[in-house]
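Novice: Now for the letters of each chain:
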Amino acid sequence: MTTTDDVQAPSARTTPGGPRARRRTAGVGRVSAPVALLWLAPAIALIVGVVFYPAVMLFRASRSEYSITGLYQGSAGWDNYSKVLAYPDLPVVLKNTVVWVVAVVAITIVLSLALAQLLVKDFPGRRFVRWAVIVPWAASLVITSQLFVLLYDSNYGLINHVLTGLHLIDEPISFLGDDRFTMASMIVVGVFVSLPFTIFVFIAGLAAIPTDVMEAAEVDGASPWQRWRQITFPLLRPAMLIATVLNTIYVFNSFPIIYTLNDRNPGFTHDTLITFMYKLAFKSQEKDVGMSAATGVLNVAIILLVVLVYLKVVNWREETR
Amino acid sequence: MTTTRRPRLVAFTAAVVALVFLAPYVVMVLDSLRTSTDVKTTPPSFLPRVWQWDTYATVIGDGRFPHWLLTSLIVSVGATAVVVLVAVPAAYMTARHRFPGRGVFLLVVLVTQMFAPTSLVVGLYRQFFELNMINTYGALIITNAAFNLAFAIWILHGFFSSIPVEVEEAAALDGVGRVGMLRRIMLPLTLPGLVTATIFTFIAAWNEYVVALTLMIDDDKKPLTVGFRSYVTGYEQNWDQLFAASVIAVVPVVILFAVIEKHLVGGLTAGSVK
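If you read the sequences in order, they're chains A and B. Number 76 in numbering that gives the first Met the number 0 belongs to position 77 of the first sequence; there are no gaps in the numbering. Number 154 in numbering that gives the first Met the number 0 belongs to position 155 of the second sequence; there are no gaps in the numbering.
So that you can see chain A by itself, here it is in the shape it has in the complex (with noise of 0.2 angstroms):
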């Protein structure tokens, strides 16, 4: 590999500044904010014409009353909101929220790099691993959901009977109905799920790093820790930012794992700010939609929050200079 001196432009060589202020010259530059509009029209009319409509809908339903029947009574101002933030079951709601992200994020994030690493690595039969660590996530979640109930379940589940067999438990454990197994239990099958995506994220990162540049490392005697803190890490940032800020989103937002596996439990012991949102409007005493649609408004809050929280730690827009 020739120095990339070789194939700069003669102005950009005596740029005072050196290599970042090259950055900016040539093929990254500034344009107009027409002619940028021009390339992001079409998503801004996507998003527009889809989700503006029925975002303002939620946030005019969350300030409505309507009655149990869900037929609209008139404006609420700020009740809705001050109804949530006082209900009963807020706190733990709120708890599992943290909880249930907090372990499904983390832990994924940390397996996914392992097997991300493991699944770049040329050995036989690469290709059908990677076929078999995508079939979580092609295979629809409901159904998945619905099947982690019955491997689950103590009388008729193979986990309990695997369990049993083995002599690791006398009896056999109620993962989905003992207080103290329910959440962990939701909490493998949600990271289960987000795993398939969140490893392939990390594979098309590890694939975008030249080969060279490991390759002049080992050279220079760099020994695979320190080729993986020193290159590959930083060389992931973005793909680490992707897996971080958008499984910290579908994790909030994930909603038939808690619903199906939480089915048989009464009252919001497990439930997340999302699957309360829906017991809120549906299956609750309240069937209030407006507390619902309160709860889905300061759903979207406490994720942005969330996300802008991690975007100024890590930095974000140093990172995209």
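If you are wondering where the hints come from, they were derived from the structure by calculation, not from laboratory data. Predicted model, so just to flag it, every value in this text is computed and none were measured. It cannot be assumed that every hint is accurate.
[What the hints assert, rightly or not] Quick partial rundown of chain A residues pointing at chain B, CB under 7 angstroms, derived from the structure:
id, residue
1, A207
2, G295
3, L297
4, V299
We put the CB at the ideal spot given by N, CA and C, even for glycine.
Fit chain B to the known structure of chain A by using the hints.
Specialist: Here is chain B on its own, set in the frame of chain A:
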């Protein structure tokens, strides 16, 4: 591609990983071959007590199944095409050019992902009802596209940003314009990102449930995920058929993946700065 000094250990570990990922779905396949009551019999057995091979024929022979499969295919392919066409220019522009509102645009795209579809279905129904688009593929295609745009834009943005600027500078010297630059230089270099975005959107649309449940009311227009509901209801529980249909539904995704997976290989930018 990384070479490894212990290929046997790696292959063994990978085989174990594959087994763990497949295990629940092996159970699903076995459940599809049981009688429906055998699925919920105590104590459970690993293998079906009676092998019921005709479930798949029953599912496929059911007149509704081809319609559901067709809807799922049309909607997923359509949404994926829309997302790629819309996301590529936006991601390229935001990654390679500076203009006012660039950061805001990327954030707003992300905010659209933060609305849980569950909380928007009421508004979506009203919107498409007013537009007379209930029961149309178009409504479901653009909704799926809009909800999955953020991932495609963000991952492609990351890939475009990671390509050395020198590549483009060299092409610019050769007189390549902005569109040509994107099509001939940048897209081939971001193929792993493009493949990831394609797989992601296709799968998300393939498995989307809540919006389809709301917008597709005609039995013939339902996608697979919604159609599945009719196998296990309060009145009849055909677990065997539900799982057989689910197994069939995984096949198109794995085929798509098998076809484009090879483009996920690495070191693509290695030769481009020579």
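Novice: All hints, please: hold or fail.
Specialist: Do the hints match the structure? See the list:
| no. | hint | in the structure |
| --- | --- | --- |
| 1 | A207 | holds, 5 angstroms |
| 2 | G295 | holds, 3 angstroms |
| 3 | L297 | violated, 10 angstroms |
| 4 | V299 | holds, 5 angstroms |
Of the numbered hints stated above, the single one contradicted by the structure is hint 3.
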